[in-house]
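A.B. asks: Sequence:
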Amino acid sequence: MKRNVISMLAATSMVATLALTGCGGSKEAATTAAPAETKAAETTAAVTEAASVTEAAKEVKETEAAAGNAGGLINVGFAQVGHESDWRTASTKSCQDVFSEANGYNLSFVDCDNDSAAQLEAVRSFIEQDVDYIIIDPIVSTGWDTVLTECEDAAIPVIVIDRTIDDSDKYTAWVGSDFTKEGKAAGEWLKAYADKKGISEINALVISGTTGASAQLGRSKGFQEIADKYGFKILDEQTGDFTEDGGQQVMESYCKSYAGKFNVVVCQNDNEAFGAMTAMDNAGISYGPNGDVVLISFDSCTAGLEDVKAEKITADFECNPLAAPFVEQVIQQLQKGETPDKEVYMEEHWFALPDAIVDFSVDGEAQTMTEVTDAVIEAQY
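Per my numbering, residue 80 is the first one in the sequence shown, and the count goes up by one each step.
Since the hints were derived computationally from the structure, they do not count as laboratory data. Treat the hints with care, as some may be off.
In silico DSSO-like cross-links for lysine-lysine, where the CA-CA straight-line distance does not exceed 27 Å [unchecked claim]:
#1 K300 - K270
#2 K260 - K421
#3 K300 - K260
#4 K260 - K249
#5 K312 - K260
#6 K260 - K388
#7 K308 - K270
#8 K340 - K276
#9 K276 - K260
#10 K421 - K249
Based on the sequences and whatever the hints tell you, model everything.
C.D. replies: Set out below in structure tokens:
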């Protein structure tokens, strides 16, 4: 439909040009026009035509959205980070379930395998496919302005989920989690738990997520802020890339370098915690509510909560992966010509066993913790 409108505009422009040549004066007058004036006129006409085509593309997109694509499927492109964790798998499944043909969508899905260049190319392929909406879970938070400008020029709304984009605001909405709050919550919980258990000194090791990812930046920033507030000592922070293998490798190094010097390990997702537990098992280090090391994790996937119940992970801070229903709400608002909120935060919970459930606040707001039971685990992703 968009290509037909553009062709019509080009034809109209040609007819207008011929009309002006026929009515504008004699052949002699045309041939004696100043070269500079002729060039200026040609340039102005080209710019005007290009602007008309761009505006036409936007009008077509708006018309298609208002008409619901005339009863057809809504085409959605999704550039996913990869498949590095249980959380990511749940996020992908959520989008595939919501944006199904049965629900009125045609989903083009690309697993970018943690390759930023591949993700940019995936987005450009969606532009070439002329999809109606693009969903991006950005691998890193910078380097996006150029491709988002290309989306804007093509009049394709972009919805960012989970991680954030920091160097451009050329997207329609972001749906996800407050990563800095998650980091602060872990720190405030640790202070309250340490006070309850009579732990007077915190010596922590952090296994962070993929460097430069907004989840890593936010959780590191939030936890560091609380560490500074209460005088926690962070002995080291190294990336495990949100993977189990990465968590194990970093923890194996920590066990050698900081043997007997740490009593807290903070893993920025459950998969890293699984790897860290293997490394501590191999090193003969006890952890969990009844161990020598307090183990804190993020994500709260099913397997993570099972380890909380098994008294391995002391506390787990949820990062909700099920963004797709919230994204669909944004798309449906756009279909109706409405303006969605620029930021949409999802509800999240903090999990522990009863003995580790303590009272604490984040930025003056009292937090509620959820006891891990079989029913809670069964209901989790």
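A.B. asks: Decide, hint by hint, whether the structure agrees.
C.D. replies: Hints and how they fare:
1. For a cut-off of 27 Å, the pair hint linking K300 to K270 stands: about 16 Å separates their Cα positions.
2. Between K260 and K421, the direct Cα distance comes to roughly 19 Å. Compliance with the 27 Å bound is thereby established for this hinted pair.
3. Under the criterion of a C-alpha separation no larger than 27 Å, the hint pairing K300 with K260 is consistent with the structure, at around 9 Å.
4. Restraint check for K260 and K249: the C-alpha separation of about 25 Å stays at or below 27 Å, so the hint holds.
5. The straight-line distance between the Cα atoms of K312 and K260 is roughly 20 Å, inside the 27 Å bound, and the hint therefore holds.
6. Between the alpha carbons of K260 and K388 the distance comes to roughly 24 Å, so the proposed pair stays at or under 27 Å and holds.
7. Among the hinted pairs, K308 with K270 is consistent with the structure: their alpha-carbon atoms are about 10 Å apart, no more than 27 Å.
8. A hinted pair counts as satisfied when its Cα atoms are at most 27 Å apart, and K340 with K276 qualifies at roughly 19 Å.
9. A C-alpha spacing of about 24 Å is found between K276 and K260, which places the hinted pair at or below 27 Å, so the restraint holds.
10. Between K421 and K249 the CA atoms are separated by roughly 11 Å; this keeps the pair inside 27 Å, and the hint holds.
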